[in-house]
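These protein sequences, in sequence, are chains A and B. No gaps in the numbering here: position 307 of the first sequence is 307 in the working numbering, and each next residue is one more. No gaps in the numbering here: position 137 of the second sequence is 137 in the working numbering, and each next residue is one more.
Just so you know, these hints were derived from the structure itself, not from any lab. Since the model is a prediction, treat every value here as computed from it, not as a measurement. Be aware that a few hints might be false.
Short derived list, chain A residues pointing at chain B, Cβ under 8 Å [what the hints assert, rightly or not]: (1) G56; (2) N172; (3) Y189; (4) A244; (5) E316; (6) S333.
Listed next, the stretches of chain B that the computed footprint assigns to chain A, with coverage defined by at least 3 CB atoms under 8 Å from CB atoms of chain A [to be verified]: (7) 163-174; (8) 177-183; (9) 224-236; (10) 245-254; (11) 319-330; (12) 334-346.
Glycine is no exception: its CB is placed at the ideal position from the N, C-alpha and C atoms.
There are 2 protein chains.
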Amino acid sequence: MKRTITRLADGRELLYFDRNDGADRGAIDRRDLPPRPGASELRYDPLTEEWIAVAGHRQSRTFLPPAGECPLCPSGPGRLTEIPSPSYEVVVFENRFPSFSTQPGEYPQVGGLSEVRPGVGRCEVVCFTPDHDSSFSALPPDRVELVMEAWIDRTAELSAMPGVEQVFCFENRGAEIGITLAHPHGQIYAYPYVTPRTRLSLGAAERHRERTGGNLFADVLAAEREAGVRVVASNEHWTAFVPAAARWPVEVHLYPHRRVPDLVALEEAERVAFGPLYTEVLRRLDGLFGVPMPYVAAWHQAPARVGRELSYAHLELFSVRRAPDKLKYLAGSEAAMGAFVNDVLPEETARRLRSIVTE
Amino acid sequence: MKRTITRLADGRELLYFDRNDGADRGAIDRRDLPPRPGASELRYDPLTEEWIAVAGHRQSRTFLPPAGECPLCPSGPGRLTEIPSPSYEVVVFENRFPSFSTQPGEYPQVGGLSEVRPGVGRCEVVCFTPDHDSSFSALPPDRVELVMEAWIDRTAELSAMPGVEQVFCFENRGAEIGITLAHPHGQIYAYPYVTPRTRLSLGAAERHRERTGGNLFADVLAAEREAGVRVVASNEHWTAFVPAAARWPVEVHLYPHRRVPDLVALEEAERVAFGPLYTEVLRRLDGLFGVPMPYVAAWHQAPARVGRELSYAHLELFSVRRAPDKLKYLAGSEAAMGAFVNDVLPEETARRLRSIVTE
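This is chain A alone, in the form it adopts within the complex (with noise of 0.2 Å):
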């Protein structure tokens, strides 16, 4: 595998990996970008004592363009965009419009009894195919793998910048779910805070620990792979079920056999393994309704620095479809109070995710 650190114009960083060590990545961003914005701020709110990163640049970032102007396409004769090469396997950058970065940057305290620091952190984009209309679904196991060490590259990297508390990579998939660019790509936040979910499921390990002595995490895994009734698929390393208590009314956990705190302590062999099964999952979840599936997947991943002895590194994918023409909405009692409703039940979604003919 070869990484190959560039800079982009406006002087933000790019790392192509590739998998064969002969790859030329030596192309040069040759656009007249404007300056890189400033760093955006964060809010403490004392009602929930949770950070809030208010960005209003992002207000003006790129929405929607059509597929003649991808940023996110390999730049060509006449069209430059954020990728320099005129191809690539996988490249991840920082974004043009991030919610954190260490740009400088103005901090005025606001009154109201909420605290303001600076959002420092940093905001990446993962590029997984040069092809516009591909998906992660179609990726080749090999590429995967790529994808893989570039995740496990950028947590090391970024958990061990200042001020980083813990290192987020996603995907987010569809218009449904308010992607803004259709260029399949992934992201990977460095936040400056520990994230309140990982936070609650921190304090939710802890406990369980100190009440039974197992890890949470790996309870639930071996839980569900006892009930069987909600697993979808699974190999040797890794199994992908419906949790019992889904919020959402397609949603997949993935977690490896063994527990890890991040994505960095995989051996190899778990590395390779996860591409297959997971190409499956996402193969299973387009054929449920017969269209692409709108999606987020999120890789829960030990904070940088504290709680690493309880954390077990998985991969949580849901979407907010429920059937072919509706969608779930995060309304009233979900967005307000936190209090989920879901629709279908996770055995039932499990037993359909199960019934998809995949090839």
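Once you've looked at the hints, dock chain B against the given chain A.
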């Protein structure tokens, strides 16, 4: 004020609230309705220590029917709806497809470390205008007072029901927010647990009291009134402001100036003063982008049994609309990690809302 209780054809309760004590609400529901669905089940999510309601029967609920088949319009010749009367002011009835109810159901354990229990509770629909094309913002003050009486009546009565831990009055407005019935209406959920958001805020309020001796919500309100820059509107008894750490591109909180745990504790003058301020705020929202603003309006009230001395009843109003042609989606960061990124400065939202000319 007159309250008339009746039952629909399938046994669900319906209550009319009228300003005129002589209103005739004797009409009988003559529809041939199928039996009511069994109650949903609650499943415990061990990773978050939260309960998820699973209500399979809701998959087939009425979905955006044409106006001629609207179940929330009054009944008329040849057309029988959920409201038997040929007219109404405010009417509340049990939801035909409830997320929580007291109907019997079956609750087998499902394994996977998730406990299952009955989804005991109640879900009600609140209709406040017989006009299919109207909106809450267009209600005259005396109608809003009547809605307030209905909220108070239902909060008191549902809080006293066995198993109910929290009563949540709210309105979802707009297709963008996922409404399944276009006729303007609110809802009331009587939950069999304290909701995740309320638990979070009560924890924060308790720590704030230990640290400062003050009430968290009262201190936030006082600080916002002092800062002034985010105040949108106010009168003698209520203040509306954009919170300093707003999560949503449009977000306004309305607090009564006197701390009350729930709406039941509001005095007459406070009840009366709410409507004019709230409908003014709603009209400012509609004026912001020149299109009817989709929103969630959520009454945060004290739980029925715990944390009442810490609670401060207030309304949180927010929208997913961030521009005339763009929505805010909860994608990876928000939906998977609970980490919000807001693209709009709260002070800017407040300034723009203040500048809207309302009649």
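Going down the list of hints, with the structure as the test:
no., hint, verdict
1, G56, "holds (5 Å)"
2, N172, "holds (4 Å)"
3, Y189, "holds (6 Å)"
4, A244, "holds (3 Å)"
5, E316, "holds (6 Å)"
6, S333, "holds (6 Å)"
7, 163-174, "holds (count 4)"
8, 177-183, "holds (count 3)"
9, 224-236, "holds (count 5)"
10, 245-254, "holds (count 3)"
11, 319-330, "holds (count 7)"
12, 334-346, "holds (count 12)"
Violated hints are absent here; each numbered hint is respected by the structure.
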